[in-house]
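J.: Chains A and B, in that order, are what the protein sequence lines are. Letter by letter, the first sequence follows residues 1 to 112 of this note's numbering. Letter by letter, the second sequence follows residues 1 to 113 of this note's numbering.
In short, the hints are calculated from the structure, not lab data. Careful, some of the hints might be misleading.
Stated by the list, open to error - Only pairs whose alpha carbons sit at most 25 Å apart, straight line, appear in this in silico DSS-like list of lysine-lysine: (1) K100/B / K68/B; (2) K49/B / K1/A; (3) K60/B / K77/B; (4) K100/B / K56/B; (5) K49/B / K60/B; (6) K1/A / K100/B; (7) K49/B / K68/B; (8) K68/B / K52/B; (9) K52/B / K100/B; (10) K60/B / K1/A; (11) K52/B / K77/B; (12) K57/A / K100/B.
On a predicted model such as this, the values are computed, not experimentally measured, just so you know.
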Amino acid sequence: KAGVTQTPRYLIKTRGQQVTLSCSPISGHRSVSWYQQTPGQGLQFLFEYFSETQRNKGNFPGRFSGRQFSNSRSEMNVSTLELGDSALYLCASAGQGADTQYFGPGTRLTVL
Amino acid sequence: GDSVTQMEGPVTLSEEAFLTINCTYTATGYPSLFWYVQYPGEGLQLLLKATKADDKGSNKGFEATYRKETTSFHLEKGSVQVSDSAVYFCALSIIQGAQKLVFGQGTRLTINP
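Go ahead and model the full structure; you've got the sequences and the hints to work with.
T.: Here it is in structure tokens:
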């Protein structure tokens, strides 16, 4: 089976812009989660989607949003970018009822 | 709330040395426990997991035992290799209608030849 894929792998944006990141889960997985990784804060949970519904959300401002499509692919959007949004954004997928998440390679976002 | 505390890094060892990375957790329920590894420029790879007390997870020579009495899940390897150099993350998951992993801060491991 193909693993979790994320596009793009690298992005450079300027403050105030918005950005959309994409994630395709492992075939058959319906749960998709997003995490932000920074040197200062480590790995932090953003949100989780299952069957197009957000089931859980981390402690991030409303500028961070996401959605999931009927084919389980997911996107996350960050509006009005700030310098502190520079991070590696990781997507993970899991099977229904399974406790193991499998991660993609991440999208590295740099905000200038 | 749920949390994971990992041994402070970085850790530097010589090839063939014995490795231990300590991990303790706090959880209100009965979590599953994981070790993930991250190589430079890559995402997280699942290294091993354990889902209940006294379970031992193992993979590629690494082992960790779920100790409920000490709320610990320490990672060990008997003889490390240069290729084991990476960042290691301990994590827990409690599924309560939704998936969420809580991670430790990560431990950077460097193995010198």
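J.: Given the hinted pair K1/A and K100/B, is their Cα-Cα distance within 25 Å?
T.: OK: K1/A and K100/B at ~23 Å, within 25 Å.
J.: Is it true that the CA of K49/B sits at most 25 Å from the CA of K1/A?
T.: Given pair K49/B, K1/A holds - Cα atoms ~21 Å apart, limit 25 Å.
J.: Take a quick look at whether K57/A and K100/B sit within 25 Å of each other, Cα to Cα.
T.: This hinted pair holds, its Cα atoms lying about 9 Å apart.
J.: Given the hint that K100/B pairs with K56/B, test it: the Cα-Cα distance must not exceed 25 Å.
T.: Measuring from Cα to Cα gives roughly 22 Å; hence the hint holds.
J.: Between the alpha carbons of K60/B and K77/B, is the straight-line distance 25 Å or under?
T.: Roughly 9 Å separates the two Cα atoms, so the pair holds.
J.: Quick one, are K60/B and K1/A close enough, alpha carbons at most 25 Å?
T.: Answer holds: K60/B to K1/A is near 21 Å, not above 25 Å.
J.: Given the hint that K52/B pairs with K77/B, does the C-alpha gap stay at or below 25 Å?
T.: holds (21 Å)
J.: Are K49/B and K60/B close enough, with their CA atoms no more than 25 Å apart?
T.: holds (13 Å)
J.: Does K68/B pair with K52/B here, judged by a C-alpha cut-off of 25 Å?
T.: holds (8 Å)
J.: Taken at face value, is the distance from the CA of K100/B to the CA of K52/B at most 25 Å?
T.: Since the Cα atoms of K52/B and K100/B sit roughly 17 Å apart, the hinted pair holds (cutoff 25 Å).
J.: Within 25 Å, alpha carbon to alpha carbon, are K49/B and K68/B?
T.: holds (14 Å)
J.: Hey, K100/B versus K68/B, does the alpha-carbon distance stay inside 25 Å?
T.: holds (20 Å)
Hint check: no violations occur; every hint is consistent with the structure.
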